[in-house]
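Engineer: Listed below, chain by chain, are the residues.
Protein chains: 4
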Amino acid sequence: MMVIMTSSHTEEDMNAISSRLDELGLKGHRIVGVERTVIAVVGSIMPELSDELETMNGVETTVPISAPHKLASRQTHPAATVIRIGDVEIGSGKTVVIAGPCAVENEEQMMETAQGVKAAGAHFLRGGAFKPRTSPYSFRGLGEDGLKLLAEARDETGLAFATEVMSEREVEVVARYSDILQIGTRNAQNFILLEEVGRTGKPVLLKRGLASTIDDWLLAAEYILNMGNPNVMLCERGIRTFETATRNTMDINAIALVKQMSHLPLIADPSHGTGKWSLVTPVGLASIVAGADGMIVEVHPSPDHALSDGAQSLNFKRFRQLMEQTDQIGAAIGRPLWSFDKQPAPA
Amino acid sequence: MMVIMTSSHTEEDMNAISSRLDELGLKGHRIVGVERTVIAVVGSIMPELSDELETMNGVETTVPISAPHKLASRQTHPAATVIRIGDVEIGSGKTVVIAGPCAVENEEQMMETAQGVKAAGAHFLRGGAFKPRTSPYSFRGLGEDGLKLLAEARDETGLAFATEVMSEREVEVVARYSDILQIGTRNAQNFILLEEVGRTGKPVLLKRGLASTIDDWLLAAEYILNMGNPNVMLCERGIRTFETATRNTMDINAIALVKQMSHLPLIADPSHGTGKWSLVTPVGLASIVAGADGMIVEVHPSPDHALSDGAQSLNFKRFRQLMEQTDQIGAAIGRPLWSFDKQPAPA
Amino acid sequence: MMVIMTSSHTEEDMNAISSRLDELGLKGHRIVGVERTVIAVVGSIMPELSDELETMNGVETTVPISAPHKLASRQTHPAATVIRIGDVEIGSGKTVVIAGPCAVENEEQMMETAQGVKAAGAHFLRGGAFKPRTSPYSFRGLGEDGLKLLAEARDETGLAFATEVMSEREVEVVARYSDILQIGTRNAQNFILLEEVGRTGKPVLLKRGLASTIDDWLLAAEYILNMGNPNVMLCERGIRTFETATRNTMDINAIALVKQMSHLPLIADPSHGTGKWSLVTPVGLASIVAGADGMIVEVHPSPDHALSDGAQSLNFKRFRQLMEQTDQIGAAIGRPLWSFDKQPAPA
Amino acid sequence: MMVIMTSSHTEEDMNAISSRLDELGLKGHRIVGVERTVIAVVGSIMPELSDELETMNGVETTVPISAPHKLASRQTHPAATVIRIGDVEIGSGKTVVIAGPCAVENEEQMMETAQGVKAAGAHFLRGGAFKPRTSPYSFRGLGEDGLKLLAEARDETGLAFATEVMSEREVEVVARYSDILQIGTRNAQNFILLEEVGRTGKPVLLKRGLASTIDDWLLAAEYILNMGNPNVMLCERGIRTFETATRNTMDINAIALVKQMSHLPLIADPSHGTGKWSLVTPVGLASIVAGADGMIVEVHPSPDHALSDGAQSLNFKRFRQLMEQTDQIGAAIGRPLWSFDKQPAPA
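Protein chains in written order, with this note's numbering: chain Z, 88 to 434; chain Y, 88 to 434; chain L, 88 to 434; chain X, 88 to 434.
No lab work stands behind these hints: they were computed from the structure.
Just so we're clear, the structure is a prediction, and the values are computed from it rather than from any experiment.
Among these hints, one or two may not hold up.
Repeated chains share a single entry, so a pair holds when one copy, or any two copies, can fit it.
Said to hold, decoys possible - Keeping only pairs whose Cα atoms sit at most 35 Å apart, straight-line, the calculated DSBU-like set for lysine-lysine is:
| no. | residue 1 | residue 2 |
| --- | --- | --- |
| 1 | 346 | 181 |
| 2 | 114 | 205 |
| 3 | 404 | 157 |
| 4 | 404 | 114 |
| 5 | 289 | 114 |
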């Protein structure tokens, strides 16, 4: 850590800092520059030290040097993490796709969608049984009944599924039914919930918070990894910016950068990242090219009758086109779809 | 709701929308403008309708008209809500101050701080027993032992206290000890937790999320109010923007606007809103002038030894000055401090 | 335009609005909803009307309906604009690349770079002669001498070039030497300069402002188009958000959306959009896949001796790899590079 | 400057950096930490060095230490700058108010407004003759005729005036008529224009850019100061964030912080900062309490007929109330209005 002194600091201020560093078993190297004096602190630094030093007389600010995330970092774990669920590997270099409705609505819709996305080549199902909604007056999901329909759809199609868990108390029931536990953007820093899903050992799909920096996001992953659960997939789903023409701003830079910084698999969510179905395909394909290991896409048999997020859902035909284009572009960069049947599926 | 049609929509598109509105028992008025055609939808509209219509052919976008928050709105509840805790009223027109350390560290620190802020005129204590930390490797609070120390400090000083609750499972224990349940910025849209604190009926201090719009924030309050708990205080604590010279950007506009939109009391948090102790006083005073009913301030007997957030904590002397200035400026706008002793307290 | 009335508006308020609309030759349709009353205004509406109506009694807010950009819009001009410069077409469906140093530093650097990017397959040169710098103490370019070196490089290589113009007074001299006039992000809403480059009739590369919404950006293009100059290329170069791990946030959604909204060619700038050379290739390729017609890339013979923006510049080897990958991925989506020689160029 | 090495850097990388620093006459101190090695660079560092070093092998990133603004900084100029215009001092400790219409529309409106704001106690006039408008189809001001009306209004009332200059070519004419040259938010980093107004030596009101950090803003001031013009007033007018309930987000933190960082006077613009007249008074008062030396406010005789920005304009009655409250609150903090007549002015 670097401690940057104000231009008006005194020798006494410097001594006070030295004493405090001594107490903590740290070493401080003094560097006198043309305009500023800096103390370089060497040793095992607690995250709190920065706050403490910043209140001391003569200190202008502090600058951290080491990355705060250890377990998620490529520096400590250069090899890519590969997560195997059933027959499918995520993070292996081949591209995977998770697809399904935003919310599980009823048996017919769920079965039809599951068969539709299976026929189009999807590797996993998605579907919301417990739905976080900005307004308490919106449709909030079928709960455990939704989980049962998802499990039924898995039995029918052989596709494992991801579904969101919003509550510590529901982690057990959601983990019992599902293959992948999804943490939503609004719970991206619900640390209690992160530890709880960490304890299950199950694969976790961790969405980035609306206002999470890349550091915040990797530290959220760190909460799960730190419970002994290595099966974390990061999910970029757009951040909140001043631009309102799209629902969120998909952070394509973050996809490329996180793949350099971390060994964890990364899944792009162009449905939430854009909020418009006509942008899902171009932005989904772009995300794969930027480095994502896969994508999660909202598909609905008739998007104009969906109970939520219809505006960003693809119908089956458009989803099949997305799969074909993903395979083609993926092939051009050596990352085609995982086990994809190029023959058009029967309608 | 307004449905805005693309310039290339067909008569068939219009008819499909009409049929769907009919099915839902809604009426659509067609308005043909110079460039665009719009359908004004009248009736009791579900929040999901917007998503559904946006996927129909010929629809460009939809525009909601009614405010989605009912219980938090001044339109349905013009009189200001006043929350009484012990002898103190919040939202009554007089200004209240909640003060204490970021984290409860030990008995000595807690008692010294409680007595210090009491002597300076604070109306409530604050202190974190369960601490949400961005990194799992940071100090995360004393837990129930911290609650006990807070209760002890209350016994000593007579000041009721606010403390954060992070977990559904801990709502019961936190509610048992504390007077005000605080929901932190990272749980601002943890809807399960909001409903759980709603059920307790206890006063809730609801922080705005880092990326919550004013609408999101009022809808989060709606979750609590909707459980039959009217005792909600909103807390503006800064939002995340591109500016990094301060920890957050205190949204002074939101303070003024929310007081017009909602009947709920509003508390400003200049400690987190700025992240720098030298800005706490000017921004805290400004918040009161903009309309806040009170403020919550981090105070520490020796901020340079605090285990968290030292950089934004005031010492006792600066806190006393803040109280005096708040009373003086508050008096100039008819909102002096609640029962404040103008005589300097003994050191 | 929709005028949304407050829930407490009076009949008198409604009449005042009707009278004002009559004065302006507009028609107002009254729609009485369950909670709100709305007036739909039909006619040729001046942009100022919104401000005026919002101050009238009983009005809560107004909502515009028509897109404010006419000349840039695909609605009024469905066919894609193709700009021909020398032998190269931009916006034709094939991908083009503009490459060169951030700043023109001296003859040797400029010639070496021009030959290097030519050998790698670039279609145009770039290079800054007049440099906008956040600090007045930074290197600000060679001015007209830089333009001369660019022209010399064009003579040598046959590549036309783009260069920034920062000042109304320099439009004439920059237009005299260069083939494409670049408007930088800090001048994205310098309306005087926009009109001035509009008057030249020359191709303009219009960067998006750091805080420009898509609407702002298209309206900036409108200033140029409105002067009778149809040769506008839009350039997405990242927006400013809370994320600081990258220099800017490349708005990949905007690339896909703007191609749907507007007929103008769109060029991606992954160098400024990311600020890190290691992200230029993945984000540049992703931008093409999302819909960009080309990209502009900073290349420097020895980036670690560049006088500006070295951190985001590619060397020749990495640039050649980018060209090859662009061609390959472009081919997979039917948009290969414009006239690209697949044989590795001699070193 | 600190150069932070990657964890995989080599001794050769370190040597290459040392050689380069030697060439530049700088010294590098090597600090070996637990996880990272850092080189502290001492000497007179060019702003470009950071970019250059970041491309060298083994370098992860660089961290600047010195503040880049010299002339605007309180460190080099501890005493507050006071600007005297006519009889009025800005930055003296008393509060000043600049008021008038957004745009000069015609003689009657301008005279009526000038007399109205004079009667209410304003110290300066404002009014736009050259108007920057997001759309080329909006009303763009009367140009030089507007300047003449402003000068006439000054002759009538004795109030000096501020008006925006958008074009290098118009600096001369605007400077000839006006007392304060205003640089608008969209030209906040139009460096050519900044230097041009710097050359005039006239007082400049420099608005913060929509996306300018505090550092960017002070460096923009630096451009003007660097031309030998010390008469710079900074103007906080809100930044662009994700919140759309208000037109901009007034950065109250920036007001308090900039007064600590810089000796320049700071004027708050609550009209643009909020975009709603009902927020102008609370946010304007809050800005003064946070440390602003004055405010600039839009006033219009009949805001509902204004040609621009009516929604954020005060009428005379509300403006008089704002003046009275400013004086009262200002008095409570030792910064009352400059020479204010407490007797209600005749209607």
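Engineer: Okay, which hints does this one fail, numbers in order?
Structural biologist: Of the numbered hints, 2 and 5 do not hold.
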